[in-house]
Amino acid sequence: MPRHLDGIWANRPNRFYEPPSWRDRYTDKLKGAVPKISWWPLVSRFSSATRAVVSLVRPLAVIGIASVLIFGLMQPAFSQTVTLGRLIKPGNYLVAFLNSDELRPSGGFLGSFVIAHFDGTHIALDVETNIYKHDNAFLENHFIPLPKPFNEVWPDRSMSLTNANYKADFKESAQSILDYYEAEYGTRPDGVLGVTVLPVLDLMGMVGPVTLPQDNLTITQENFLHTLHQNIQVDYFKDPQNRLINEPKTIIADLVAALPSKIAQLPTKNLWRLIDGALAKKQLL
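In my numbering, the protein residues as written are 244 to 528.
I should point out that these hints are in silico values taken from the structure, not numbers from a laboratory. Just so we're clear, the structure is a prediction, and the values are computed from it rather than from any experiment. Wrong hints could be hidden among the right ones.
[Claimed, not checked] Derived pair list, reagent style SDA-like, types lysine to any residue, alpha-carbon separation capped at 20 Å:
(1) K376 / I488
(2) K376 / N485
(3) K492 / N474
(4) K505 / V443
(5) K414 / F340
(6) K492 / A367
(7) K524 / D445
(8) K492 / I374
Given these sequences and hints, build the entire structure.
Put into structure tokens, the structure is as follows:
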């Protein structure tokens with residue numbers, strides 16, 4: 244059973260009947276014992292075909308629960324849970340990029356993120372590559388002291404969207420992100436999803452090289468971190484015109500735009516395996 248489901252199913256009786264082995268039946272017969280069944284009263288009367296179907300449905304149920312965990316268990320970030328048949332309700336969702344290399348509860352300052360617009364069938368992605376434009380405008384008219392102990396180190400720094408994810412409990416950080424996003428952008432997303440770079444690296448390994456002709460680059464799993472860091476921190480600012488524009492993270496928007504067509508070609512089971520592993524390791528919140 245996936246590690247992240249242990250807390251849900253711990254100390255609960257088995258919901259599915261598992262026929263005893265021939266050795267158990269033989270031992271019980273000798274002892275005059277009655278074979279134990281689950282708390283489902285009539286399951287032992289099911290035909291062998293029905294029990295076979297149940298054994299197939301069980302892993303699918305686990306996968307379905309994992310799907311709900313992605314979008315439904317992040318209360319109060321998500322206002323409503325969703326059914327197994329629909330992973331997410333139509334709406335707008337903020338996907339925060341969390342830096343697992345930084346010693347912060349939710350992984351570093353928020354510098355860029357994606358707003359995913361879901362209409363029930365299709366997803367459109369808007370990438371925010373420069374959070375500081377809205378952040379600086381907000382800070383010109385607002386000053387909200389940092390909570391302790393941060394205000395003791397930075398007494399002149401105000402709370403804003405860039406540092407809204409300071410709380411260790413991601414549900415609370417997600418709520419804070421929603422509040423500050425609404426204050427700075429004027430609208431409120433329906434939920435927040437946080438993802439670190441590790442699942443992205445796994446995804447890059449699955450889809451293979453991604454060519455970005457506008458950037459004259461090919462991104463792979465092996466060069467992902469180095470190429471993005473080199474492009475954002477160094478190469479972009481070699482052009483004097485780029486220094487005036489100051490949008491070094493446009494490469495992220497280009498990569499996000501190129502990935503969906505690649506992902507669509509992947510087997511569904513591979514995507515579920517990626518999601519399940521990311522949830523278990525808390526790399527997807």
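Here's how the hints hold up against the structure:
1. K376 / I488: With a Cα-Cα distance of about 12 Å, the restraint between K376 and I488 holds, given a limit of 20 Å.
2. K376 / N485: Within the cut-off at roughly 16 Å; holds.
3. K492 / N474: With Cα atoms ~8 Å apart, K492 and N474 stay inside 20 Å; holds.
4. K505 / V443: holds, 13 Å
5. K414 / F340: Holds: K414 and F340 sit about 15 Å apart, inside 20 Å.
6. K492 / A367: holds, 19 Å
7. K524 / D445: holds, 13 Å
8. K492 / I374: Between K492 and I374 the Cα gap is close to 10 Å, so the pair holds against 20 Å.
When held up to the earlier numbered hints, the structure conflicts with none and fits them all.
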